[in-house]
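Given only the sequences and the hints, what does the whole structure look like? Please build it.
If you read the protein sequences in the order shown, they are chains B and H.
Whatever position you read off the first sequence (first residue = 1), add 19 for this note's numbering.
Whatever position you read off the second sequence (first residue = 1), add 747 for this note's numbering.
In case anyone wonders, no lab produced these hints; they're calculated from the structure.
Each hint should be verified, as a subset may be incorrect.
Computed cross-link-like contacts, SDA-like style, restricted to lysine to any residue with a CA-CA straight-line distance of at most 25 Å [as the list claims (entries may be wrong)]:
{"#": "1", "chain 1": "B", "residue 1": "K208", "chain 2": "B", "residue 2": "P105"}
{"#": "2", "chain 1": "B", "residue 1": "K178", "chain 2": "H", "residue 2": "L868"}
{"#": "3", "chain 1": "B", "residue 1": "K208", "chain 2": "B", "residue 2": "G135"}
{"#": "4", "chain 1": "B", "residue 1": "K176", "chain 2": "H", "residue 2": "K844"}
{"#": "5", "chain 1": "B", "residue 1": "K208", "chain 2": "B", "residue 2": "L88"}
{"#": "6", "chain 1": "B", "residue 1": "K178", "chain 2": "B", "residue 2": "W266"}
{"#": "7", "chain 1": "B", "residue 1": "K208", "chain 2": "B", "residue 2": "W266"}
{"#": "8", "chain 1": "B", "residue 1": "K208", "chain 2": "B", "residue 2": "K104"}
{"#": "9", "chain 1": "H", "residue 1": "K781", "chain 2": "H", "residue 2": "S759"}
{"#": "10", "chain 1": "H", "residue 1": "K862", "chain 2": "B", "residue 2": "R184"}
{"#": "11", "chain 1": "B", "residue 1": "K261", "chain 2": "B", "residue 2": "K178"}
{"#": "12", "chain 1": "H", "residue 1": "K844", "chain 2": "B", "residue 2": "V132"}
{"#": "13", "chain 1": "H", "residue 1": "K844", "chain 2": "B", "residue 2": "I180"}
{"#": "14", "chain 1": "B", "residue 1": "K178", "chain 2": "B", "residue 2": "R200"}
{"#": "15", "chain 1": "H", "residue 1": "K855", "chain 2": "B", "residue 2": "R200"}
{"#": "16", "chain 1": "B", "residue 1": "K208", "chain 2": "B", "residue 2": "E167"}
{"#": "17", "chain 1": "H", "residue 1": "K855", "chain 2": "H", "residue 2": "D812"}
{"#": "18", "chain 1": "H", "residue 1": "K844", "chain 2": "B", "residue 2": "R184"}
{"#": "19", "chain 1": "H", "residue 1": "K781", "chain 2": "H", "residue 2": "K844"}
{"#": "20", "chain 1": "B", "residue 1": "K261", "chain 2": "H", "residue 2": "Q888"}
{"#": "21", "chain 1": "H", "residue 1": "K880", "chain 2": "B", "residue 2": "W266"}
{"#": "22", "chain 1": "H", "residue 1": "K855", "chain 2": "B", "residue 2": "E167"}
{"#": "23", "chain 1": "H", "residue 1": "K844", "chain 2": "B", "residue 2": "D159"}
{"#": "24", "chain 1": "B", "residue 1": "K178", "chain 2": "H", "residue 2": "K855"}
{"#": "25", "chain 1": "H", "residue 1": "K855", "chain 2": "B", "residue 2": "F179"}
{"#": "26", "chain 1": "B", "residue 1": "K176", "chain 2": "H", "residue 2": "K855"}
{"#": "27", "chain 1": "H", "residue 1": "K778", "chain 2": "H", "residue 2": "Q836"}
{"#": "28", "chain 1": "B", "residue 1": "K176", "chain 2": "B", "residue 2": "Y156"}
{"#": "29", "chain 1": "H", "residue 1": "K844", "chain 2": "B", "residue 2": "L143"}
{"#": "30", "chain 1": "B", "residue 1": "K178", "chain 2": "H", "residue 2": "Q836"}
{"#": "31", "chain 1": "H", "residue 1": "K855", "chain 2": "H", "residue 2": "K871"}
{"#": "32", "chain 1": "H", "residue 1": "K844", "chain 2": "B", "residue 2": "P189"}
{"#": "33", "chain 1": "H", "residue 1": "K781", "chain 2": "H", "residue 2": "Y885"}
{"#": "34", "chain 1": "B", "residue 1": "K176", "chain 2": "H", "residue 2": "Q860"}
{"#": "35", "chain 1": "B", "residue 1": "K178", "chain 2": "H", "residue 2": "K778"}
{"#": "36", "chain 1": "H", "residue 1": "K764", "chain 2": "B", "residue 2": "P105"}
{"#": "37", "chain 1": "B", "residue 1": "K261", "chain 2": "B", "residue 2": "G135"}
{"#": "38", "chain 1": "B", "residue 1": "K104", "chain 2": "B", "residue 2": "L66"}
Since this is a predicted model, take the numbers as computed values, not measurements.
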Amino acid sequence: MVALKERSLQLLSLVVAVLIWEIVARAVDLSSAIPSPLVVFESLWNLVTSGKAWGPLTATIARTLMGFLLGFVAGVAYGVTVYAKPIVGDYSRGIFNTAMFAPTLIIIFLGLVMFGLSNLTVVLIVGFVISTDVGVYMRDAFQNFDEELAAMARSYKAKFIQRVRDVYFPFLVPPMLAAGRIGFSLAWKVAFLCEVFGFPNGLGWEVRASYRIYDMTGLLAWLLVFIITLLVVEQVIRASEKALVRW
Amino acid sequence: MGEIELRNVSLSFPNPKSPEPNVVYENFSIKIEKGSFTFLLGPSGCGKSTFLNIINGLLTPTSADAVLVDGQDIRRHPELTRRMGYVFQGPRLLPWKTLRENVEFGLKGLGVQPKERWPELIEKYFAMAGLSKFMDHYPSQVSGGMQQRAAIVRAWVNEPEILLMDEPFSHLDEITAAELRSELVSLWAREEERRTIVFVTHNISEAAQMASDVVVLTPTPSQICYRRTIDIPWPRTSTDDAVFEIEKELRHVFAERAGVRV
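Spelled out as structure tokens, the structure:
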């Protein structure tokens, strides 16, 4: 019941946002600057039904996913390593915090200039950005680990595998899902920006192409493809959170 | 199995605030009889829990002539520690496992009970703890008292010869604690071959009501400053004159020898 109410409110807020958009579009009355949402939705519909959206969408998703996986695995590994060997944390804290606070745009520029315009470059840039955020998140999550549970497991002579499977891994599931959610939306944006700055395909390139010819309707339609995909992924992660974190 | 003996155990930890280490034990010796319900009493930080951790193999002394269980040194025979159950101050249940799964975690870890006996043992001990209906609940879905009972089941289900209990009722409300105390004593007392229970507490009334033996420790470096056997039959209540006398005596010992007025 509460969830239904929450969803209704979310939907209502979206409807209100679209209404405001429509009102502003009518007030400004300059479709090249602010097109009506109806026109944008029509353009979106055409993109989807004609199949034009799929090519750029899959290109961006592929880069995002590969970069995300690389960064996520590296970030979780960093968090686990710092827990197991705190000295690694002492030495790396400064580097990781600096990397996390460095402007993403600068990292993208640097990466594209240093490694050239290739899919691998995007994957590496996304992976790097994600790994620092996920790594710091997981490192800090371990501070909430209840050491008394580890002592209990030792007193019951649980083997390493049993401790990892029954004590550490379930503890890590909620922070990994949270880090995954934040990380994926960040990966999506970074991959998108990489495409804006230097790729002949992908959602970012489509938005850039629309921008260059002042096609605001096309730009907003592509932006909607971007946002809707992110919302779908977010819902998938939330659903898996519910299924995996029952306690 | 069930006799415990420490001979000349020394243990110290580095002290971050001083070049001098924190000395918990210096040539500390103690013997705990098989089948006894021994209470270790002492002021906070006197090394009561440390004693349990040494016996359970979780802590290795800096030096020791012997850490014996039934005459065998656990440092050379760590498998002996599988015959022990440990109940902690808090329940220390895994929040992501149901009460049954938590008990199975202990069964699997110690590995002393054959797997085909698990269902029977789980049924039996959950029933004894009055938790049969709650076996498939997560810890967050039951009260603190029920969580602690489940923790006792996790220890007891392995039918350990030695049960180590570290202030297991100190976090509970008095009514629940009193109920669990009497259940624990009756569970222990009605067994044909009684297991050894080492119970750490600083609750003097608890000791007077439950113990067959009481050992009082001094502040660190810990030494035994008093020990006695209590041969008042169970069940005991705090209103029994004899129990009250023991309690008075223990309070006196605490003030005079352990240097703590209670």
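Query - Given hint W266 of chain B paired with K178 of chain B - CA-CA distance at most 25 Å - result: 24 Å, holds
Query raised in the report: Given the proposed pairing of K178 of chain B with Q836 of chain H, does the C-alpha separation stay at or below 25 Å?
Result: 23 Å, holds
**Report entry** Distance restraint between K208 of chain B and L88 of chain B, which requires alpha-carbon spacing of 25 Å or less
**Finding:** Distance of about 15 Å is within 25 Å: holds.
Query raised in the report: Taken at face value, is the distance from the CA of G135 of chain B to the CA of K261 of chain B at most 25 Å?
Result: Violated, at about 41 Å.
**Report entry** Given pair status - V132 of chain B, K844 of chain H, alpha carbons within 25 Å
**Finding:** 50 Å, violated
Query raised in the report: Are the Cα positions of K178 of chain B and K778 of chain H separated by 25 Å at most?
Result: 30 Å, violated
Query raised in the report: Is K176 of chain B within 25 Å of K844 of chain H, Cα to Cα?
Result: 18 Å, holds
Query - Hinted pair K778 of chain H and Q836 of chain H, Cα distance within 25 Å - result: Roughly 23 Å separates the two Cα atoms, so the pair holds.
Query raised in the report: K880 of chain H and W266 of chain B: Cα distance at most 25 Å?
Result: 18 Å, holds
Query raised in the report: Is K862 of chain H within 25 Å of R184 of chain B, Cα to Cα?
Result: Given pair K862 of chain H, R184 of chain B holds - Cα atoms ~19 Å apart, limit 25 Å.
Query - Holds or violated: K855 of chain H to R200 of chain B, with C-alpha atoms at most 25 Å apart - result: Given that 25 Å is the threshold and the Cα spacing comes to 34 Å, the pair is violated.
Query raised in the report: Is K261 of chain B close enough to K178 of chain B, meaning Cα to Cα at most 25 Å?
Result: 29 Å, violated
Hint compliance for this structure: hints 1, 7, 8, 9, 11, 12, 14, 15, 16, 17, 19, 28, 29, 33, 35, 37 and 38 are broken, all remaining hints hold.
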